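Same order as they appear, the protein sequences are chains A and B. Okay, so the first sequence: first residue is 1 according to the UniProt record's numbering, each after it adds one. Okay, so the second sequence: first residue is 1 according to the UniProt record's numbering, each after it adds one.
Everything labelled a hint here was simulated from the structure, so no lab data went into it. What you are looking at is a predicted structure, and each value in this text was computed from that prediction instead of being measured. Do not rely on the hints blindly, as some may be mistaken.
The calculated lysine-lysine pairs, modelled on BS3-like cross-linking and capped at a C-alpha distance of 25 Å, are [what the hints assert, rightly or not]:
hint, chain 1, residue 1, chain 2, residue 2
1, B, Lys118, A, Lys393
2, A, Lys346, A, Lys221
3, A, Lys198, A, Lys120
4, A, Lys393, B, Lys115
5, B, Lys82, A, Lys393
6, A, Lys132, A, Lys121
7, A, Lys124, A, Lys192
8, A, Lys154, A, Lys198
9, B, Lys124, B, Lys137
10, A, Lys112, A, Lys242
11, B, Lys123, A, Lys393
12, B, Lys188, B, Lys208
13, A, Lys192, A, Lys242
14, B, Lys76, A, Lys393
15, B, Lys124, A, Lys393
16, A, Lys198, A, Lys158
17, B, Lys208, B, Lys246
18, A, Lys160, A, Lys126
Covered stretches of chain B, going by a simulated chain A footprint (3 or more residues, C-beta under 8 Å) [unchecked claim]:
hint, stretch
19, 38 to 44
20, 109 to 115
21, 151 to 165
Derived Cβ-Cβ restraints for the label pairs, each shown as a range [claimed, not checked]:
hint, chain 1, residue 1, chain 2, residue 2, range
22, A, Glu285, B, Asp136, 33 to 43 Å
23, A, Glu473, B, Asp27, 51 to 61 Å
24, A, Val312, B, Asp21, 26 to 36 Å
25, A, Ala310, B, Ala77, 18 to 28 Å
26, A, Val312, B, Ser162, 31 to 41 Å
27, A, Arg396, B, Ala77, 23 to 33 Å
28, A, Pro401, B, Ser162, 21 to 31 Å
29, A, Arg378, B, Lys76, 20 to 30 Å
30, A, Arg396, B, Asp27, 37 to 47 Å
31, B, Ser141, A, Val312, 25 to 35 Å
32, A, Pro409, B, Ser141, 16 to 26 Å
33, A, Thr343, B, Asp139, 51 to 61 Å
Glycine is no exception: its CB is placed at the ideal position from the N, C-alpha and C atoms.
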Amino acid sequence: MLKKFGFGFAAIVLLWLMAPTVSANEPHYTITTDATYAPFTFQDKNSQYVGIEQDMMKAIAKREGFTYTMKPMSFNSAAQLVSNGQADGIIAGMSITPERRQVYDFSTPYYKTGVAWIVKKDSKIKSLEDLKGQTVALKTGTAASEYGLSLQAKYGFKVKYFNDTDTMYNDVAVGNSAATFEDMPVIQYAIKNGMKLKVMNPNQPGNAGSYGFAVEKHKNKALLTAFNRGFAAIKKDGTYDKIVAKYLGASQATFSGTKADNETVFGILKSNQQALVSGLWQTIELTVIAIVLASIWGILLGVMGVSQMAWVRGLSTTIIYIFRGLPLMVLAFFIYIGLPGLTGVKIPAFTAGIVTLILNEGAYTGAFVRGGFEAVDRGQMEAARSLGLPYGKAMRRVIMPQGLRIMVPSFINQFIITLKDTSILSAIGLLELTQTGSLIVARNSQGFRVWAIIAIVYLILITLLTWLSRWVENKMTMQ
Amino acid sequence: MSDAQTKVKVHVENVNKSYGDNHVLRDISLDVSENEVVVMIGPSGSGKSTFLRMLNQLETPDNGTIVVDGFDISDKATDINKVRENIGMVFQNFNLFNNYTVLENIMLAPVELGKLDKAAAEKKARELLATVGLSDKADVSVNSLSGGQKQRIAIARALAMSPDVMLFDEPTSALDPEMVGDVLNVMKNLADSGMTMIIVTHEMGFAKQVADRVVFFESGKIQESGTPEAVFNTPKNARLQEFLSKVMHA
Ligand SMILES: Nc1ncnc2c1ncn2[C@@H]1O[C@H](COP(=O)(O)OP(=O)(O)OP(=O)(O)O)[C@@H](O)[C@H]1O
Ligand SMILES: [Mg+2]
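Chain A extracted, bound-state conformation:
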């Protein structure tokens, strides 16, 4: 058992060692956030992370003389990364609750809030009682969702979970879910920006509370102190009020661009060109690196799978069994969040993503490579051995060339799957094509148009990849 974990672990450590590290003289922190949470944090039309929290953080860091890297990802990942010491702090509309105080140390509250319950603009629902038997959309891991959940027994609704705010809003706006629960300022900003929803309790927010900046409990005291000191200062000199007014008093065009930029496909393409190109590039980079390394790893697993030594075969079978059995997202979370929690070694998201793909796609590749070798007629091996060729030579000269030829279609198929699977890595905050789409929708609420664009880009990529593979296949069989 230890051996196979050793293998995967060695691969992870190797990749980690190759990754760049940051060094600086003034204190440098890694801070996580959720960039689908306007007006607190979101990506503006120039692909910059902005919002009340981002402007606050900038002002405080400047005053207190520290620097930081802001890492946007899903709220859950953002919170977990801090709780296991991979990141130093989180600023992501995080409500201060007694449960969270067990795990985090909070700053002085920077925003007072409460939970709104929200329905579609023209909904027939008048009161919470009307939700009986209906579906309510909730965002995983947020205080608003916990509040919603606490009402479930009383009002008898069903719950459907989402990972980001905008998909959740859209689910309600198109009528899939009847209602949702969200923090008051967040939903108010979204409605102001054209989201076709209405707040049912504007004057009686549920579970009134506050947002705080958080660090891992008993850790990062210096950062927390600096934050509190800086926050007190910007509150006193009026900077804070200016920031809040800037976002809550703003019209949509200020941050999201003009109507023309958002309501035509061409406008969306033009105004998000930069973000889309860099998302596309990240997807291509992930795909190409993963295809190459996963194929190498998979072929190695396949070769091990037909070894003469039983323990080598067993090792290969077990590795394939484990990594084929784990859902890709679970594996990604395990490597990105779970493993560093255990070992204390931080892993960059890109590295974690690549390792995830290598292990998962490599296991599938290993399985069909072994299968391909085994599919070669037994007589071929017997004939080679009867001539005196040792097992390894017989494998390399006779079995493997024939097996690899059988496998070509499986390889092409696996390449396409790898390309599609890169989208799952948006969950750990990699800014690839899918995550880029999420961020654009978070800002402009144009779900249909943006996802149509993203879907078409994927289809084009897959078509190109298929053509390329076929071309290589033809070249190979012609030889």
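Please build the complex by placing chain B with the ligands on the supplied structure of chain A, with the hints as guidance.
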């Protein structure tokens, strides 16, 4: 070693082999001398293939002794690959390497095992192709050949290693009748040239013609063995009589 011993090319003593409850070979002993041609006959499932495949360790016996060319192959310390270089084998289904041309099939083993350099191996391969009457096929893919041609290439491939002993497991059973003659001809020439051969076949006419000795297998035992005349004309064993009456009148 005395002269008498060096003359024995294959020595098998008290060999047993079972697949689960199926006792396939029962206490088999057999010696084959240099230049001798032994033909093995017997009903289906009697253990002929298993016996033949044990001589080059494609199957391992449960117990007993097998010595080929002076190497005790039932001894774990023996380098089986070295022994196999001197034992050629021809299979019912040819088993030509699909990823190589005819010439490459013949050259592969001598070159890979460092017996001949490329040029020498190619020269030898072309000579062998001439002996089996297929010089014009040197550069074609093996999949374009007929069954009879494939089997003659397979024989050439085995001979490229200059073996001392050749094993044939029903070399003509998968062939169309009109192809059988060409393959048997090649084998007959090989026998005439003094090759030590052990052949499993159902071609009784061929057995009469080339065999020095015919061995009758039944139920995992050698029931009778002797010259072709003795075995075919005056069989003593009742099962052999029954077997012959079936195959001769079929
Ligand atoms: N790998 C194996 N596993 C299990 N049983 C086997 C195996 N190989 C052979 N046998 C069995 O051993 C017995 C002898 O088989 P073998 O192939 O040696 O017979 P044969 O005399 O060559 O028959 P044929 O004329 O049909 O080729 C048969 O009952 C067969 O089913
Ligand atoms: Mg047989």
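Against the structure, the hints:
| no. | hint | in the structure |
| --- | --- | --- |
| 1 | B/Lys118 x A/Lys393 | 17 Å, holds |
| 2 | A/Lys346 x A/Lys221 | 20 Å, holds |
| 3 | A/Lys198 x A/Lys120 | 6 Å, holds |
| 4 | A/Lys393 x B/Lys115 | 15 Å, holds |
| 5 | B/Lys82 x A/Lys393 | 14 Å, holds |
| 6 | A/Lys132 x A/Lys121 | 19 Å, holds |
| 7 | A/Lys124 x A/Lys192 | 21 Å, holds |
| 8 | A/Lys154 x A/Lys198 | 22 Å, holds |
| 9 | B/Lys124 x B/Lys137 | 15 Å, holds |
| 10 | A/Lys112 x A/Lys242 | 16 Å, holds |
| 11 | B/Lys123 x A/Lys393 | 23 Å, holds |
| 12 | B/Lys188 x B/Lys208 | 12 Å, holds |
| 13 | A/Lys192 x A/Lys242 | 19 Å, holds |
| 14 | B/Lys76 x A/Lys393 | 21 Å, holds |
| 15 | B/Lys124 x A/Lys393 | 22 Å, holds |
| 16 | A/Lys198 x A/Lys158 | 20 Å, holds |
| 17 | B/Lys208 x B/Lys246 | 17 Å, holds |
| 18 | A/Lys160 x A/Lys126 | 21 Å, holds |
| 19 | 38 to 44 | violated (count 0) |
| 20 | 109 to 115 | holds (count 3) |
| 21 | 151 to 165 | holds (count 4) |
| 22 | A/Glu285 x B/Asp136: 33 to 43 Å | 53 Å, violated |
| 23 | A/Glu473 x B/Asp27: 51 to 61 Å | 55 Å, holds |
| 24 | A/Val312 x B/Asp21: 26 to 36 Å | 32 Å, holds |
| 25 | A/Ala310 x B/Ala77: 18 to 28 Å | 21 Å, holds |
| 26 | A/Val312 x B/Ser162: 31 to 41 Å | 35 Å, holds |
| 27 | A/Arg396 x B/Ala77: 23 to 33 Å | 26 Å, holds |
| 28 | A/Pro401 x B/Ser162: 21 to 31 Å | 26 Å, holds |
| 29 | A/Arg378 x B/Lys76: 20 to 30 Å | 24 Å, holds |
| 30 | A/Arg396 x B/Asp27: 37 to 47 Å | 40 Å, holds |
| 31 | B/Ser141 x A/Val312: 25 to 35 Å | 34 Å, holds |
| 32 | A/Pro409 x B/Ser141: 16 to 26 Å | 21 Å, holds |
| 33 | A/Thr343 x B/Asp139: 51 to 61 Å | 59 Å, holds |
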